[in-house]
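S.K.: With the hints as your guide, set chain B onto chain A.
Here the protein sequences come in this chain order: A and B. Note that my numbering gives residue 71 to position 71 of the first sequence, counting from 1, and the numbers run on in steps of one. Note that my numbering gives residue 102 to position 102 of the second sequence, counting from 1, and the numbers run on in steps of one.
None of these hints come from the bench; they were simulated from the model. For each residue, glycine too, the CB sits at the ideal point set by N, CA and C. Hints are supplied without guarantee of correctness; some may be wrong.
Claimed, not checked - Reference excerpt, derived from the structure (chain B facing chain A, CB under 10 angstroms, subset only):
{"id": "1", "residue": "N8"}
{"id": "2", "residue": "L11"}
{"id": "3", "residue": "G12"}
{"id": "4", "residue": "M13"}
{"id": "5", "residue": "F14"}
{"id": "6", "residue": "I17"}
{"id": "7", "residue": "K18"}
{"id": "8", "residue": "P19"}
{"id": "9", "residue": "V20"}
{"id": "10", "residue": "A112"}
{"id": "11", "residue": "E121"}
{"id": "12", "residue": "L123"}
{"id": "13", "residue": "E128"}
{"id": "14", "residue": "Q129"}
{"id": "15", "residue": "F131"}
Said to hold, decoys possible - Okay, the calculated beta carbon distance ranges per label pair:
{"id": "16", "chain 1": "A", "residue 1": "G192", "chain 2": "B", "residue 2": "F131", "range": "31 to 37 angstroms"}
{"id": "17", "chain 1": "B", "residue 1": "E106", "chain 2": "A", "residue 2": "G114", "range": "46 to 52 angstroms"}
{"id": "18", "chain 1": "B", "residue 1": "I17", "chain 2": "A", "residue 2": "K207", "range": "18 to 24 angstroms"}
{"id": "19", "chain 1": "A", "residue 1": "D230", "chain 2": "B", "residue 2": "M100", "range": "52 to 58 angstroms"}
{"id": "20", "chain 1": "B", "residue 1": "Y99", "chain 2": "A", "residue 2": "E199", "range": "30 to 36 angstroms"}
{"id": "21", "chain 1": "A", "residue 1": "T237", "chain 2": "B", "residue 2": "E128", "range": "36 to 42 angstroms"}
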Amino acid sequence: MAIKIAIANQKGGVGKTTTAVNLADALKRIGYKVLLIDMDPQHNSTSTYGAKIEGENTIVDVLKKDCTPEEAIQKMPIGDIIAGDGLLANEESYFNSAKARESILKKQIERIDGLYDYIIMDTPPNLGIYMINALTAADGCVIPIKAEQYAIDGLGLLIDTIREVVEVLNDRLKIYGVVMTSFDARNRLDIGIKESLPEVGEKIGFKTFINPIRISQDVKKAQAIQDSFDEDGKQVTANRSLFENFSSSNAAVDYVNFTKELLEVV
Amino acid sequence: MAKHTAKNDALGMFGNIKPVKRDPVPETAKPLPEMEEPPVEAKKIAKEEESVIPMPEKRPASASSKSSKSVPAGKNGIILRIGEKKKKKGRTSHTRSFYMKDEIYEWLLAGAEADKVGVSEYLEFILEQLFID
Chain A
1 MAIKIAIANQ KGGVGKTTTA VNLADALKRI GYKVLLIDMD PQHNSTSTYG AKIEGENTIV
61 DVLKKDCTPE EAIQKMPIGD IIAGDGLLAN EESYFNSAKA RESILKKQIE RIDGLYDYII
121 MDTPPNLGIY MINALTAADG CVIPIKAEQY AIDGLGLLID TIREVVEVLN DRLKIYGVVM
181 TSFDARNRLD IGIKESLPEV GEKIGFKTFI NPIRISQDVK KAQAIQDSFD EDGKQVTANR
241 SLFENFSSSN AAVDYVNFTK ELLEVV
Chain B
1 MAKHTAKNDA LGMFGNIKPV KRDPVPETAK PLPEMEEPPV EAKKIAKEEE SVIPMPEKRP
61 ASASSKSSKS VPAGKNGIIL RIGEKKKKKG RTSHTRSFYM KDEIYEWLLA GAEADKVGVS
121 EYLEFILEQL FID
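Same shape as in the complex, but just chain B:
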C-alpha cells in the first residue's frame, strides 16, 4: 500500500488501549529540582524570599496628614494616611506573590480604599514609613 494512503485512524487506535481502574496515589509529590541558570535565554521574574517582618513595639511617627478620611488603627495603634504631599513613586514591573492572613489583608484593603489607592501601593507606603524612610 502506498505510504500516503496507509494512515492511522484515531478511532481504530482506541481499540488497543484498555481502561485500568486506579485511584490517585495520595503520596507527597517529589520535590522539583532546584533551578540552575535560566535555560534557553528564559526570562525569569525574580521571586522575593518570604520573610516575617515583626511589627515594631514602638509607635513610629504617623505619616503627614492631608487625607480626608482616617483609616482603622492597627494593633499597635499605628494610623497611617497617605497625604497629598506624598510623592508617588513609580512601581517596578515585577509581580510578587506571597500569602497573608485574611484579617491583615482586610485591614490593608480598608486603608487602601479610604485613601483611594491600590492595596499594593498602600502596603508599600506602610513599609517605607516603618522601615525605610
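Isolated chain A (complex conformation):
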C-alpha cells in the first residue's frame, strides 16, 4: 500500500508545489515508486512536470469517475503524475453537492494503492473540497510555511481543519510536520520565526522539520526551463527537476535533507 502524503496550506505562495514536486522527485531518486497528484486548479505541478491537460484524462475525470486513476497517469521525465486541471475551479460546486464528497479521491485512488510506494498530493491554497479530499485520503500531511507572521497566524485555522478531518473523516491522518521554505539566514525575522516555531509546534501539536528550505533562485530557474524541439520539430518535454539541473543549489541540498527527515517520521 502506498503512503499518501498531502502537501497542505491554505495560504498561497508558501512552496506547496515546489515541496510536492521536489519531495516526489527525491523519493523517486532514492528508489521508491512515486505518483504525484495535482489537486490544484492552478496546476503548477502539472506544468513543472510538462504533463498535458488538453486531450488527456486529468484529476477532474478521475474525481467525476469518467476514467480510472490508472487511465489518468502520465509518465513524464521527472516522474508519474495525475494532472491537475483548470476545470477544477468550475467543478467545485458540482463536487460540493456530491454524495460522500469528502471521500471521492480516497475511493478512487484505492485502485492504484498497490502500484506506488508514495503518493504525493499537491493541494490548492484554500480549505475547500479538494483540500479536504486530499486530507481524507492521506496518511499524513506536510505543511510548508514561509517565515512571516501571517503564515504563523494561518496555522491555527489549518490545524483546526485537520482536527475536524481526523475526528469525522480520517482518524489515521497525522501531521508529519511543518517545513519552513524560502528561508533567508541573513534575515532576522526568518531566524526569529525559525527559532520560535518548535515552541509553537509543541503547544499546537506539530513537529517542525529541523532543516528549512533556503531561498534559492535556482528553484525558479528549474521551473522556467523550456521544452525543446527535436530534428523533426517534435516537442521534447524538458526535465525540470531541481536535482537534475541545479543539484548543488542550497534548495536541492535542503530538500534532500528534508526528505531524509520525513522518512524518519512516516
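M.R.: Showing chain B alone in chain A's frame:
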C-alpha cells in the same frame, strides 16, 4: 579545500539513503493536544461548538409573505419565505464549518434558490424565526 568550494551536491547525497519497504500503519492517530492561549499573537477564528437543534413539535408561525415562490415544506409542515420586508442583516465575518445530512442540505438549497438568497442566509433566517425572534 576552501569552504566556499566544498559544497554538498544533492545528487551525491541520494546514494546515502536506502529505500525501505513499508506499509502505512493503519493505527489511530494520536489526538492533537488541546490548544492553550493563542501563541505568537496568532489570530484564531472562533469555532462554534456543534449542537443538535431539535426540530420543534409545534408549528411556529410562518414568516411574512411576499415571496414570489413557495418553498418545499419541511417535515413538520413549516413553510418559510423571506419577504421583501425582511431587513437583511449584515453577516459577521466568521466562517463556521459543520456537517449536515445531504437531504437537509438539499432542502435548504431548494429554499434558498427559490428566494434567490444564499444558503447561509436562508439557514440564518430559519433559525432566527424558530428560536430567536
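S.K.: Each hint needs a verdict: does it hold in this structure or not?
M.R.: Results for each hint:
Because the beta carbon of B:N8 sits about 5 angstroms from the nearest beta carbon in chain A, less than 10 angstroms, this interface hint is met. Interface hint at B:L11: satisfied, since its Cβ lies 4 angstroms from the closest Cβ of chain A, which is below the 10 angstroms cut-off. For B:G12, the interface hint holds, the least distance from its beta-carbon to any beta-carbon of chain A being 8 angstroms, beneath 10 angstroms. Using the Cβ-Cβ criterion of 10 angstroms, the hint placing B:M13 at the interface with chain A is satisfied: the shortest such distance is roughly 5 angstroms.
Here the hint on B:F14 is kept, as its CB sits about 5 angstroms from the closest CB of chain A, short of 10 angstroms. Of the supplied interface hints, the one on B:I17 holds, with its beta-carbon coming within about 5 angstroms of a beta-carbon of chain A, less than 10 angstroms. Checking B:K18 against chain A by beta carbon gives a least distance of about 7 angstroms; that is within 10 angstroms, so the hint holds. The beta carbon of B:P19 comes within 4 angstroms of a beta carbon in chain A, closer than 10 angstroms, and the hint placing it at the interface holds.
The restraint placing B:V20 at the interface with chain A holds, with a minimum CB-CB distance near 8 angstroms, inside the 10 angstroms limit. The interface hint given for B:A112 is broken, as the beta carbon of that residue sits about 13 angstroms from the closest beta carbon of chain A, more than 10 angstroms. Interface hint at B:E121: violated, since its Cβ lies 17 angstroms from the closest Cβ of chain A, which is beyond the 10 angstroms cut-off. Of the supplied interface hints, the one on B:L123 is violated, with its beta-carbon coming no nearer than about 15 angstroms to a beta-carbon of chain A, more than 10 angstroms.
Hint status for B:E128: violated, given a least beta-carbon distance of 25 angstroms to chain A, over 10 angstroms. Annotation: interface hint on B:Q129 violated; nearest CB of chain A at approximately 25 angstroms, more than 10 angstroms. Here the hint on B:F131 is broken, as its CB sits about 25 angstroms from the closest CB of chain A, past 10 angstroms. The hint said 31 to 37 angstroms for the Cβ distance between A:G192 and B:F131, and at roughly 48 angstroms that hint is violated.
The hinted window of 46 to 52 angstroms between B:E106 and A:G114 is violated, with their beta carbons roughly 37 angstroms apart. With their beta carbons about 20 angstroms apart, B:I17 and A:K207 fall inside the hinted range of 18 to 24 angstroms. Separated by about 56 angstroms at the C-beta atoms, A:D230 and B:M100 satisfy the suggested range of 52 to 58 angstroms. Taking 30 to 36 angstroms as the suggested C-beta distance range, the pair B:Y99 and A:E199 conforms, at roughly 33 angstroms.
Taking 36 to 42 angstroms as the suggested C-beta distance range, the pair A:T237 and B:E128 does not conform, at roughly 57 angstroms.
In summary, the structure is inconsistent with hints 10, 11, 12, 13, 14, 15, 16, 17, 21 from the numbered list given earlier, while agreeing with the others.
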